[in-house]
Amino acid sequence: MSSAAITFGTEAYLKMLLHCCQHPATSVCGLLLAPASSTDSTSNESGVTCVDVLPLFHSSPLGPLLNISFQMAEHFASQRSQKIAGLYMASETLEDNEISTVAARIGSQMIATQADSVVFMIDNMKLRRGDEIAGSLYVQKAGKWQRSSAPLMMEDGHALEIPKQLFNQRVRPHIVDFEEHTERPEAD
Amino acid sequence: MSATNFELLRARLEASSGKDIKLNREFLKYVREHHIRESTLVSIYGAPLVDKYASSLGDELWVVLEQVCIAALDSQDLKLADMCISKLDAKFPNSSRVRRLQALRMEAAVRYDDADLVYQRMLLDDPTNTFAMKRRITIARERRDLTRAVQLLNEYLTVFMSDTEAWLELADLYIQQGMYSNASFCFEELLLASPQNCHLYVKYAELRFTMGGVENLELAKKYYSFALELNPDKNTNRAWFGLLATTHALALLADPSSGASKKASSAASESKYVAEMNKLARTQLTKNYENSSATTTLKECLPKTLSDFTVDRMPDSGSSSSKDAKTR
Chain A
1 MSSAAITFGT EAYLKMLLHC CQHPATSVCG LLLAPASSTD STSNESGVTC VDVLPLFHSS
61 PLGPLLNISF QMAEHFASQR SQKIAGLYMA SETLEDNEIS TVAARIGSQM IATQADSVVF
121 MIDNMKLRRG DEIAGSLYVQ KAGKWQRSSA PLMMEDGHAL EIPKQLFNQR VRPHIVDFEE
181 HTERPEAD
Chain B
1 MSATNFELLR ARLEASSGKD IKLNREFLKY VREHHIREST LVSIYGAPLV DKYASSLGDE
61 LWVVLEQVCI AALDSQDLKL ADMCISKLDA KFPNSSRVRR LQALRMEAAV RYDDADLVYQ
121 RMLLDDPTNT FAMKRRITIA RERRDLTRAV QLLNEYLTVF MSDTEAWLEL ADLYIQQGMY
181 SNASFCFEEL LLASPQNCHL YVKYAELRFT MGGVENLELA KKYYSFALEL NPDKNTNRAW
241 FGLLATTHAL ALLADPSSGA SKKASSAASE SKYVAEMNKL ARTQLTKNYE NSSATTTLKE
301 CLPKTLSDFT VDRMPDSGSS SSKDAKTR
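Chains as they are written, first to last, in our numbering: chain A, 1 to 188; chain B, 1 to 328.
Note that these hints are calculated values from the structure, not bench results. Keep in mind that this is a model prediction, so the values were computed, not measured. Among the hints, a few may not be true.
[As the list claims (entries may be wrong)] Simulated restraints, written as ranges between beta carbons of each label pair:
| # | chain 1 | residue 1 | chain 2 | residue 2 | range |
| --- | --- | --- | --- | --- | --- |
| 1 | B | Glu-33 | A | Ser-78 | 47 to 53 Å |
| 2 | B | Asn-197 | A | Glu-132 | 39 to 45 Å |
| 3 | B | Ala-11 | A | Ala-112 | 46 to 52 Å |
[Stated by the list, open to error] Sample of chain A residues facing chain B (criterion: CB under 7 Å; computed from the structure):
| # | residue |
| --- | --- |
| 4 | Ser-60 |
| 5 | Leu-62 |
| 6 | Gly-63 |
| 7 | Asn-67 |
| 8 | Gln-71 |
| 9 | Met-72 |
| 10 | His-75 |
| 11 | Ile-111 |
| 12 | Ala-112 |
| 13 | Gln-114 |
| 14 | Trp-145 |
Just so it is clear, CB atoms sit at the ideal spot from N, CA and C, and this is done for glycine as well.
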């Protein structure tokens with residue numbers, strides 16, 4: 001579908017960044033959730049609003065858990081009247097911020113079920129600087145993943161200040177992702 | 001156990017806001033002895049120790065300086081790192097240990113070529129310098145030159161083949177590149193070295209599942225079962241989920257309408273106890289979730305997820321088994 005902008009809710013954006021910060025030495029990935037009511041092909045200029053994220057893994061995601069976590073995520077999302085809008089991923093290295101092969105593969109599988117799925121690759125360099133939204137959106141055109149030139153927005157323009165403050169205060173994140181959840185079910 | 005001790009120590013530390021110097025010292029010592037990677041904390045609470053209170057540390061100062069330096073580099077506090085290095089250099093001029101820190105400092109400043117040169121020189125002096133070897137591998141990895149990282153790591157492993165961490169890292173590098181059979185080989189080495197480590201079996205099973213095909217799914221099924229036998233008590237959900245997914249995948253393959261080749265289909269349908277294992281996995285997962293304090297939303301999601309992966313009976317498997325579920 002045509003390039004869609006993405007608007008991040010504050011909490012969603014923060015959770016995503018904190019998930020990355022909690023596991024600085026590995027790649028992390030998770031799912032983007034949007035309200036179920038937002039339509040796809042007839043959507044207007046505001047595009048996708050990401051209201052929450054579901055952190056999944058902090059190591060290379062492999063087969064079985066990926067399948068299971070996706071299914072669970074779908075049920076979880078629909079229970080809260082949300083849907084899975086896409087994937088977010090952060091590489092383990094500082095400078096590698098293009099869409100990774102793993103992300104592209106997972107994204108393509110997601111497109112099969114939902115045509116307007118997007119992939120948001122977190123840009124670790126921008127994360128350090130903290131001035132702008134730390135990543136790039138990728139959409140699939142003609143079978144290939146391309147960076148979308150559509151604007152990325154925050155729901156609350158001042159929200160970008162929050163990560164800076166958190167980093168300055170060296171707040172210890174505790175975000176539980178699916179991988180950790182399989183070890184301790186009480187973690188959510 | 002050590003995890004809880006660590007948490008307690010950390011809580012005391014945070015409560016004291018770093019003003020209790022003895023506590024800071026104790027914390028750093030604990031981290032050193034247990035090889036924990038908590039660089040932010042070590043930097044924050046170590047900084048006053050090496051600066052204002054340096055004289056009170058006695059001979060421990062040098063070890064602490066080295067520890068804080070490395071933590072500072074890990075958390076990108078280059079000023080603190082530089083301070084540590086200059087103090088160490090003043091006390092131990094021409095020390096190879098200090099030179100290691102200086103090379104790490106170059107890495108932290110993204111001066112990889114310079115750092116790599118230093119390591120190569122170290123290796124000329126001493127070809128068994130494992131620190132230098134490992135850093136070169138890390139530099140290659142950081143530069144996303146995975147081929148080179150794999151090559152260097154393989155060279156390292158020809159000499160130091162009992163280094164389990166290295167095998168794990170090599171497996172991860174292969175997985176990142178989708179070279180699953182190479183990764184399998186690494187896991188096999190790991191399993192030979194630590195046959196009691198159930199986490200390894202689970203990871204290996206996941207790898208085999210990802211490789212796909214009936215044989216690999218069969219292996220995955222066996223390894224998941226073995227992992228569960230080894231450790232039937234706690235934290236087993238990952239293995240149960242894996243078993244669930246594997247049995248489901250086998251059933252899918254066995255289904256002639258799924259588009260799999262006839263050979264695969266018939267091989268899959270001969271897989272034993274698939275339906276029983278599937279049921280066992282579902283029962284156990286339900287039990288584990290109910291007994292845990294997982295949130296209600298998740299507990300509600302579980303049955304739906306489980307039903308997505310249910311296998312009541314294998315397609316074309318002939319008589320449906322009325323035996324009790326077994327894991328063997």
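Here is what the structure says about each hint:
no., hint, in the structure
1, B:Glu-33 to A:Ser-78: 47 to 53 Å, "holds (49 Å)"
2, B:Asn-197 to A:Glu-132: 39 to 45 Å, "holds (44 Å)"
3, B:Ala-11 to A:Ala-112: 46 to 52 Å, "holds (47 Å)"
4, Ser-60, "holds (5 Å)"
5, Leu-62, "holds (4 Å)"
6, Gly-63, "holds (4 Å)"
7, Asn-67, "holds (5 Å)"
8, Gln-71, "holds (5 Å)"
9, Met-72, "holds (5 Å)"
10, His-75, "holds (4 Å)"
11, Ile-111, "violated (19 Å)"
12, Ala-112, "violated (15 Å)"
13, Gln-114, "violated (16 Å)"
14, Trp-145, "violated (16 Å)"
Of the numbered hints listed earlier, those contradicted by the structure are 11, 12, 13, 14.
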